[in-house]
Each structure stands twice: as C-alpha cells, then as structure tokens.
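Following the UniProt record's numbering, the numbering of the sequence shown begins with 1 at its first residue and continues without gaps.
In short, the hints are calculated from the structure, not lab data.
Fair warning: there could be bad hints in the mix.
Calculated pairs, SDA-like style, for lysine to any residue (alpha carbon to alpha carbon, straight line, at most 20 Å) [claimed, not checked]:
hint, residue 1, residue 2
1, Lys19, Glu129
2, Lys44, Ala133
3, Lys85, Ser73
4, Lys93, Ala2
5, Lys110, Thr33
6, Lys19, Ile119
7, Lys93, Ala78
8, Lys93, Ala32
9, Lys44, Phe18
10, Lys110, Thr147
11, Lys118, Leu131
12, Lys44, Glu129
13, Lys118, Leu130
14, Lys93, Glu76
15, Lys85, Gln55
16, Lys85, Asp51
17, Lys19, Leu112
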Amino acid sequence: MASFLDRVSLDLIGPRMFKGNTHYILVIIDTATRFLVTRVIQSKEAQVITDAFAQGFVAYFGVPRQVYVDNGSEFEGAFAAFITKVLRVDIVKSPPYVPRSNGINESSHKALESQIAKINADSPNDSYELLVALATYTHNATPHAATGLAPMTP
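Go ahead and model the full structure; you've got the sequences and the hints to work with.
Written as structure tokens, this is what we have:
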C-alpha cells in the first residue's frame, strides 16, 4: 500500500490574471494521501519551480521517493537536475499529450479554481496568495472520494 511521500505529482495551473498580475499555481500532491501543497509563482521557469518545490514542500515534509511530472519544459533543466542530482530522486514523466495520466493532480485543478472563485466572491480584497492558501486548506480538510479521508486526517 502506498504511503505519504512515496510519490508526489507536480503540475501547474496558469497563467491566470488577478488584479492585473499574472500568476501560476504550482500544484504538488501526494498521490497516496491526496495531501495538497500549492505555491503561487510569477513564472514557470525551471528555477522558479525548483525554488518553490524546495521551499514549499521539501523543507517542510522531506524528500519524496519519486516525483511525477508532465512533459512541460519547466520540469527540465534546473528542476530535473535538482530532483535527480541534489535530492537523488527518480523523475517519472507522463506520456506526451495525455493529461489524464497525471489525473490525480489534474483533477484537483478544477476544484481548486472553483474554491478560489468562491472565496474571492466573499472576500474580493484578499490577495491571490491568500485565496490559493484558503482553497488549499479547504481541499486538505475535505474527505476525498478515493480515500474516504480528508488528506489532513492524522
């Protein structure tokens, strides 16, 4: 049975415009527990994603055993070098042009964006970072259909 940190999946949402600024959301999800970590970033350059993953996930939860990504160029170069050479972790790439192969991550996007829109409607003055953080919390506090548990359940 899979456990926390066996495999994490990374993907991007965006670009999205919010109050005149362009944002991306780095979506990191543990595939066993469905625990979600998000980071709002300003570009999808490999180094930006590397920094966001290291600071927003690895620093808090540790090194996963495997990283699953799509074939986006943002997951090449500095990012791939960091994962394979620094963390010494295998990268598994989804087949080209088959987004459903990263379905666990992809399916979180619609729910996350829907929750962001709902929170923004209630609190239109909040920053994009706060909206994303609150939507992420909502995901992690809600039981997931596949596991029957909220990802934050101890």
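Consistency of the hints with the structure:
A distance of roughly 12 Å separates the Cα atoms of Lys19 and Glu129; the hinted pair therefore holds under the 20 Å criterion. For the hint linking Lys44 to Ala133, the alpha-carbon distance of about 19 Å falls within 20 Å, and the restraint holds. Proposed proximity of Lys85 and Ser73 is supported: the alpha carbons are some 18 Å apart, at most 20 Å. Proposed proximity of Lys93 and Ala2 is supported: the alpha carbons are some 19 Å apart, at most 20 Å.
For the hint pairing Lys110 with Thr33, the CA-to-CA distance comes to about 19 Å; that is within 20 Å, so the pair holds. Between Lys19 and Ile119, the direct Cα distance comes to roughly 15 Å. Compliance with the 20 Å bound is thereby established for this hinted pair. The suggested pairing of Lys93 with Ala78 holds, with an alpha-carbon distance near 16 Å, which does not exceed 20 Å. Among the hinted pairs, Lys93 with Ala32 is consistent with the structure: their alpha-carbon atoms are about 18 Å apart, no more than 20 Å.
For the given pair, Lys44 sits about 16 Å from Phe18 by alpha-carbon distance, which is consistent with the 20 Å threshold. As the CA atoms of Lys110 and Thr147 are separated by approximately 19 Å, the hinted pair is consistent with the 20 Å bound. Our distance criterion of 20 Å between C-alpha atoms is met by Lys118 and Leu131, whose separation comes to about 9 Å. Taking the CA atoms of Lys44 and Glu129, the gap is near 16 Å; set against the 20 Å cutoff, the hint holds.
Of the supplied pair hints, the one linking Lys118 and Leu130 holds, its CA atoms being roughly 13 Å apart against a limit of 20 Å. A distance of roughly 11 Å separates the Cα atoms of Lys93 and Glu76; the hinted pair therefore holds under the 20 Å criterion. Distance check on the hinted pair: Lys85 and Gln55 sit about 17 Å apart at the alpha-carbon level, within 20 Å; holds. Of the supplied pair hints, the one linking Lys85 and Asp51 holds, its CA atoms being roughly 15 Å apart against a limit of 20 Å.
At roughly 19 Å between alpha-carbon atoms, Lys19 and Leu112 fall within 20 Å of each other, so this suggested pair holds.
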